[in-house]
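Make the full structure from the sequences, and use the hints.
There are 2 protein chains.
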Amino acid sequence: MKKSTGKVPGLAVVLVGQRKDSQTYVRNKTKACEEAGMKFVITELPDNCTEIQVCNALSSYNENPSIHGILVQLPLPQHLDEGKVLDLLRLEKDVDGFHPLNMGNLAMRGREPLFIPCTPKGCIELLLRSDVKIMGKKAVVIGRSNIVGLPASLLLQRHHATATLVHAFTKNPEQVTREADIVLTAVGVPNLVRGSWLKPGAVVIDVGTYPAEDSNNEHGYRLMGDVCYEEAVNVASAITPVPGGVGPMTIAMLLSNTLESAKRALNFA
Amino acid sequence: MKKSTGKVPGLAVVLVGQRKDSQTYVRNKTKACEEAGMKFVITELPDNCTEIQVCNALSSYNENPSIHGILVQLPLPQHLDEGKVLDLLRLEKDVDGFHPLNMGNLAMRGREPLFIPCTPKGCIELLLRSDVKIMGKKAVVIGRSNIVGLPASLLLQRHHATATLVHAFTKNPEQVTREADIVLTAVGVPNLVRGSWLKPGAVVIDVGTYPAEDSNNEHGYRLMGDVCYEEAVNVASAITPVPGGVGPMTIAMLLSNTLESAKRALNFA
Numbered sequence: 001m002k003k004s005t006g007k008v009p010g011l012a013v014v015l016v017g018q019r020k021d022s023q024t025y026v027r028n029k030t031k032a033c034e035e036a037g038m039k040f041v042i043t044e045l046p047d048n049c050t051e052i053q054v055c056n057a058l059s060s061y062n063e064n065p066s067i068h069g070i071l072v073q074l075p076l077p078q079h080l081d082e083g084k085v086l087d088l089l090r091l092e093k094d095v096d097g098f099h100p101l102n103m104g105n106l107a108m109r110g111r112e113p114l115f116i117p118c119t120p121k122g123c124i125e126l127l128l129r130s131d132v133k134i135m136g137k138k139a140v141v142i143g144r145s146n147i148v149g150l151p152a153s154l155l156l157q158r159h160h161a162t163a164t165l166v167h168a169f170t171k172n173p174e175q176v177t178r179e180a181d182i183v184l185t186a187v188g189v190p191n192l193v194r195g196s197w198l199k200p201g202a203v204v205i206d207v208g209t210y211p212a213e214d215s216n217n218e219h220g221y222r223l224m225g226d227v228c229y230e231e232a233v234n235v236a237s238a239i240t241p242v243p244g245g246v247g248p249m250t251i252a253m254l255l256s257n258t259l260e261s262a263k264r265a266l267n268f269a
Numbered sequence: 001m002k003k004s005t006g007k008v009p010g011l012a013v014v015l016v017g018q019r020k021d022s023q024t025y026v027r028n029k030t031k032a033c034e035e036a037g038m039k040f041v042i043t044e045l046p047d048n049c050t051e052i053q054v055c056n057a058l059s060s061y062n063e064n065p066s067i068h069g070i071l072v073q074l075p076l077p078q079h080l081d082e083g084k085v086l087d088l089l090r091l092e093k094d095v096d097g098f099h100p101l102n103m104g105n106l107a108m109r110g111r112e113p114l115f116i117p118c119t120p121k122g123c124i125e126l127l128l129r130s131d132v133k134i135m136g137k138k139a140v141v142i143g144r145s146n147i148v149g150l151p152a153s154l155l156l157q158r159h160h161a162t163a164t165l166v167h168a169f170t171k172n173p174e175q176v177t178r179e180a181d182i183v184l185t186a187v188g189v190p191n192l193v194r195g196s197w198l199k200p201g202a203v204v205i206d207v208g209t210y211p212a213e214d215s216n217n218e219h220g221y222r223l224m225g226d227v228c229y230e231e232a233v234n235v236a237s238a239i240t241p242v243p244g245g246v247g248p249m250t251i252a253m254l255l256s257n258t259l260e261s262a263k264r265a266l267n268f269a
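Those protein sequences? They're chains A and B, same order as listed. Note that the numbering used here gives residue 232 to position 232 of the first sequence, counting from 1, and the numbers run on in steps of one. Note that the numbering used here gives residue 5 to position 5 of the second sequence, counting from 1, and the numbers run on in steps of one.
The reader is advised that the hints may include incorrect statements.
Copies of the same chain are indistinguishable here, so a pair counts whether it falls within one copy or spans any two.
Here are the computed lysine to any residue pairs in the SDA-like style, where the Cα-Cα straight-line distance is at most 20 angstroms [claimed, not checked]:
1. Lys199 with Asn172
2. Lys199 with Glu179
3. Lys171 with His160
4. Lys2 with Glu34
5. Lys31 with Leu15
6. Lys31 with Arg111
7. Lys31 with His160
8. Lys84 with Arg109
9. Lys84 with Leu101
10. Lys3 with Ser256
11. Lys133 with Pro173
12. Lys263 with Ala36
13. Lys39 with Pro248
14. Lys199 with Gln175
15. Lys39 with Glu260
16. Lys263 with Arg27
17. Lys199 with Pro173
18. Lys84 with Gly110
19. Lys84 with Ser145
20. Lys171 with Gly136
21. Lys133 with Tyr210
22. Lys20 with Thr209
23. Lys3 with Asn48
24. Lys133 with Lys171
25. Lys171 with Lys199
In case anyone wonders, no lab produced these hints; they're calculated from the structure.
Given below as structure tokens:
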């Protein structure tokens, strides 16, 4: 693309506040963009910034033709209205795929979303590349966040799995999960999913990332998944570790979405 | 509303072709609007009409301030692009709630759709008015149409059920369905759901409407549901009949959505 158009895909990130996990994610995204030869710009705002400051940053990236993807690192501090902020994102640059129009198109048959949210897309990619059949399988998604759980269940449905979304009000989540051929969990509660929750041979994708304090770690913490790995590894036929499992796939999909967006913007086939 | 604003809610329907079931639905909607004192207008187009004719009808209703709700009676004939047609509908008049932005807002937590699709909304209303608790219950929705199955599963999730969408690729649909406290079926296959598919005490909502030929009927056909009623009635704790179960609720919700839309348009609290 650079050779024939003289342009490279550009990704802009808006990061508000000092959350350690958010900082890690953004650091990893920066590194990946550099390695892939993409342009990367970031706006860092303090924890107590105003909605107007966030919106201004987004507007300028919306208008900037060298930026093809914009993402707002979530979660935002409580005083900012996440929905309102995300609605401002220009649809063609919403590489995270969090806009409700995009989510509707992901859910509905016969329609195509502009972007598939990166983490769910990465999970499916992992399944496909590991030759896990999705069609007709029972899939349980634990956690119904707008970022992972909800779009993951919609995407699994799109791939013709029979999907069930398990959440805080689900009775006997253990029993429901034990029915599943594919378990995808995205809650943020370490060791929530024990070995006993799994059907022998199930495929387990752990999207949980809880930052547990760890003074031995150079960043002062380490990421923990939702799954009790030591138990699950003896029951599952395949399982993703945390860290190092889904995380790198999410970033790869972010770059893939940004590249796709740049191609569309530049009419580059 | 008429007293204080001099205006009444207005509903416009676009009906393409001669499907008997569609004609029945539209006839029932006309009658309901008349009874409720709402304005009702209809554009009827022949089976072989062009997309432009449909779009022209929609555009004129979009612009007409006396029309607060527009619905395109689905399904459209094969040669018309349903998605393209529905996308033209002005969001504030999409009383069927089929626009993908509306569907996204229905799916996502922390967001509110402008309209909840009428049939799923009617089903939930039936459950609530029959004192069926939804929160924490296992719900199985059979059929994943954009009109009923998909939004019904999203709406049940919104009410904190643990929802599973069963479809053509689901293995052992009978077994999956037998786990459910609430079964909602919207497929259009008469007698698909037998008594053996149900957990004793399950609540069954039958949205199926298959027009079976019947020379004894004044319209030449009668509507059949998805559920084998005679068997199911002995197993279920509650069940809706076809016809006369969900149908009237759908129409009531359509009027309710149209009224809501008129109130918004006229700033009438």
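We went through each hint and held it up to the structure:
In the homo-oligomer, the alpha carbons of Lys199 and Asn172 lie at most 20 angstroms apart both inside one protomer (15 angstroms) and across protomers (17 angstroms), since each shortest distance falls under that limit. In this homomeric assembly, Lys199 and Glu179 come within 20 angstroms of each other (Cα to Cα) both inside a single copy, at 6 angstroms, and across copies, at 17 angstroms. Taking the closest pair of Cα atoms, Lys171 and His160 come within 20 angstroms of each other only across two copies (11 angstroms); inside a single copy the shortest separation is 25 angstroms, beyond that limit. When the C-alpha separation of Lys2 and Glu34 is checked against a cutoff of 20 angstroms, the pair qualifies only within one copy, where the shortest distance is 14 angstroms, while the shortest distance between copies is 64 angstroms.
With identical chains, the CA atoms of Lys31 and Leu15 are at most 20 angstroms apart within one copy only, with a shortest distance of 16 angstroms there and 55 angstroms across copies. In this assembly of identical chains, the alpha carbons of Lys31 and Arg111 never lie at most 20 angstroms apart, being 34 angstroms within a copy and 34 angstroms across copies at closest. Taking identical chains as interchangeable, the C-alpha atoms of Lys31 and His160 are never at most 20 angstroms apart, the minima being 35 angstroms within one chain and 40 angstroms between chains. Proximity of Lys84 to Arg109 under the C-alpha cut-off of 20 angstroms is restricted to the inter-copy arrangement: shortest distance 13 angstroms between copies versus 27 angstroms within a copy.
For the identical chains of this complex, Lys84 and Leu101 are neighbours both inside a copy (14 angstroms) and across copies (15 angstroms), given an alpha-carbon limit of 20 angstroms. When the C-alpha separation of Lys3 and Ser256 is checked against a cutoff of 20 angstroms, the pair qualifies only within one copy, where the shortest distance is 18 angstroms, while the shortest distance between copies is 58 angstroms. Taking the shortest Cα distances, Lys133 and Pro173 sit within 20 angstroms of each other only across copies (18 angstroms), while inside one copy they are farther apart (24 angstroms). For the identical chains of this complex, Lys263 and Ala36 are intra-copy neighbours only, at 15 angstroms inside a copy versus 53 angstroms across copies, given an alpha-carbon limit of 20 angstroms.
Taking CA atoms no more than 20 angstroms apart as the test, Lys39 paired with Pro248 passes inside one copy only; the shortest distance there is 19 angstroms, against 57 angstroms between copies. Within a single copy, Lys199 and Gln175 get their C-alpha atoms as close as 10 angstroms, and across copies as close as 17 angstroms, so both meet the 20 angstroms cut-off. In the homo-oligomer, the alpha carbons of Lys39 and Glu260 lie at most 20 angstroms apart inside one protomer (14 angstroms), although the nearest pairing across protomers, at 47 angstroms, exceeds that limit. Taking CA atoms no more than 20 angstroms apart as the test, Lys263 paired with Arg27 passes in neither setting, with 25 angstroms inside one copy and 49 angstroms between copies.
In the homo-oligomer, the alpha carbons of Lys199 and Pro173 lie at most 20 angstroms apart both inside one protomer (13 angstroms) and across protomers (19 angstroms), since each shortest distance falls under that limit. In this assembly of identical chains, the alpha carbons of Lys84 and Gly110 lie at most 20 angstroms apart only when taken from different copies (11 angstroms versus 28 angstroms within one copy). Within a single copy, Lys84 and Ser145 get their C-alpha atoms as close as 17 angstroms, which meets the 20 angstroms cut-off; across copies the closest is 30 angstroms, which misses it. Proximity of Lys171 to Gly136 under the C-alpha cut-off of 20 angstroms is restricted to the inter-copy arrangement: shortest distance 6 angstroms between copies versus 24 angstroms within a copy.
For a Cα distance limit of 20 angstroms, the shortest separation of Lys133 from Tyr210 qualifies neither inside one copy, at 29 angstroms, nor across copies, at 33 angstroms. In this assembly of identical chains, Lys20 and Thr209 lie within 20 angstroms of each other by CA distance solely inside one copy; the values are 11 angstroms within and 54 angstroms between copies. Taking the closest pair of Cα atoms, Lys3 and Asn48 never come within 20 angstroms of each other, the shortest separation being 43 angstroms inside a single copy and 49 angstroms across copies. When the C-alpha separation of Lys133 and Lys171 is checked against a cutoff of 20 angstroms, the pair qualifies only between copies, where the shortest distance is 13 angstroms, while the shortest distance within a copy is 28 angstroms.
With identical chains, the CA atoms of Lys171 and Lys199 are at most 20 angstroms apart both within one copy (18 angstroms) and between copies (16 angstroms).
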